[in-house]
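Trainee: With chain Y's structure known, arrange chain P on it following the hints.
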Amino acid sequence: NAGVTQTPKFQVLKTGQSMTLQCAQDMNHNSMYWYRQDPGMGLRLIYYSASEGTTDKGEVPNGYNVSRLNKREFSLRLESAAPSQTSVYFCASSGGGASYEQYFGPGTRLTVT
Amino acid sequence: GDSVTQMEGPVTLSEEAFLTINCTYTATGYPSLFWYVQYPGEGLQLLLKATKADDKGSNKGFEATYRKETTSFHLEKGSVQVSDSAVYFCALSSGSARQLTFGSGTQLTVLP
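For the record, the sequence lines run as chains Y and P.
Yeah, the first sequence ends on 113 if you go by my numbering, and it's all consecutive.
Yeah, the second sequence ends on 112 if you go by my numbering, and it's all consecutive.
Hints listed in this document are in silico derivations from the structure and should not be mistaken for laboratory results.
Treat the hints loosely; a few may be bogus.
Facing chain P, from chain Y, some residues (calculated, C-beta under 8 Å) [as the list claims (entries may be wrong)]:
hint, residue
1, P8
2, F10
3, A50
4, P61
5, Y64
6, F90
7, L110
Calculated Cβ distances over 10 Å to all of chain Y for the following chain P residues [to be verified]:
hint, residue
8, F18
9, L19
10, T28
11, G29
12, N59
13, G61
14, S72
15, H74
16, G78
17, Q81
18, S85
19, T109
20, V110
Cβ coordinates follow ideal geometry from the N, Cα and C atoms, glycine included.
So here's chain Y without its partners, still in its complex pose (with noise of 0.2 Å):
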């Protein structure tokens, strides 16, 4: 049992290329989430999907997209990667339940040169 798991951990990028960020989840939870971590500002959310076939915005969702592919996989995609893109993004899942506890995957730390 992995939990949540993400690829790649680590990425430079140069302004204006895309990358895919991938998480995927095996513990059968409905909602999943994207944060995006930057120093002093703990963690912020970017994008979330409460269901499979559904998606929405959250805090920070400009310069993003978000792919529900199926129960266990919610990717985030950068099209134009921008400077300001440079953080660690942190994917997370949840089944519900009376407190919605999430589980979180050990994180991508982006580079934006």
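Mentor: The following block gives chain P in isolation, referenced to the frame of chain Y:
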């Protein structure tokens, strides 16, 4: 909108000292409250949670009580260890998909 304010760090303590990290929140409705911990180079791990007023979450010697009257969820530990050195995040869940709103994090360093 919802928000979480937590004690700014960094916090440096000696081993076996008492720890308090303050957390207050603003939310509509009745959110669940969480403390997450992040060790260097790793993702976030759930430390403890509380789902309703007066609930006390506890784990690994850490405790926090959901106080609706003061909108607070302060983290405490009676005797910290070097291995507790990490960044601690207070968070609340709300919205249709219970998305998390995080505080800015508190860096804790425990010296031997």
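Trainee: Would P:T109 pass as off the interface with chain Y, using Cβ distances and a cut of 10 Å?
Mentor: holds (16 Å)
Trainee: Taking 10 Å as the cut and beta carbons as the points, is P:H74 off the interface with chain Y?
Mentor: Given a closest Cβ separation of 17 Å, the condition holds.
Trainee: Is it the case that P:Q81 keeps its Cβ farther than 10 Å from each residue Cβ in chain Y?
Mentor: Given a closest Cβ separation of 23 Å, the condition holds.
Trainee: Would the non-interface assignment of P:G61 survive a Cβ cutoff of 10 Å against chain Y?
Mentor: holds (20 Å)
Trainee: Minimum Cβ separation between P:L19 and chain Y greater than 10 Å?
Mentor: Holds: least Cβ distance 19 Å, greater than 10 Å.
Trainee: Going by Cβ atoms only, is Y:L110 closer than 8 Å to chain P?
Mentor: Where the cut-off is 8 Å and the nearest Cβ of chain P is about 15 Å from Y:L110, the hint is violated.
Trainee: Holds or violated: Y:Y64 as interface residue toward chain P, Cβ cutoff 8 Å?
Mentor: violated (15 Å)
Trainee: At 10 Å, judged by beta carbons, does P:N59 keep clear of chain Y as stated?
Mentor: holds (12 Å)
Trainee: Is the nearest Cβ of chain Y still more than 10 Å from the Cβ of P:G78?
Mentor: At roughly 25 Å from the nearest Cβ of chain Y, P:G78 sits farther out than 10 Å, so the non-interface label holds.
Trainee: Checking hints one by one. Is Y:F90 an interface residue toward chain P, by the C-beta closer than 8 Å rule?
Mentor: holds (6 Å)
Trainee: Can the hint on Y:A50 be confirmed by a CB-to-CB distance to chain P that is less than 8 Å?
Mentor: Hint holds; Y:A50 Cβ to chain P Cβ min 4 Å, cut 8 Å.
Trainee: Are all beta-carbon distances from P:V110 to chain Y longer than 10 Å?
Mentor: Nearest chain Y Cβ is 21 Å from P:V110, so the label holds.
In the structure shown, a violation is registered for the earlier hints numbered 1, 2, 4, 5, 7, in ascending order.
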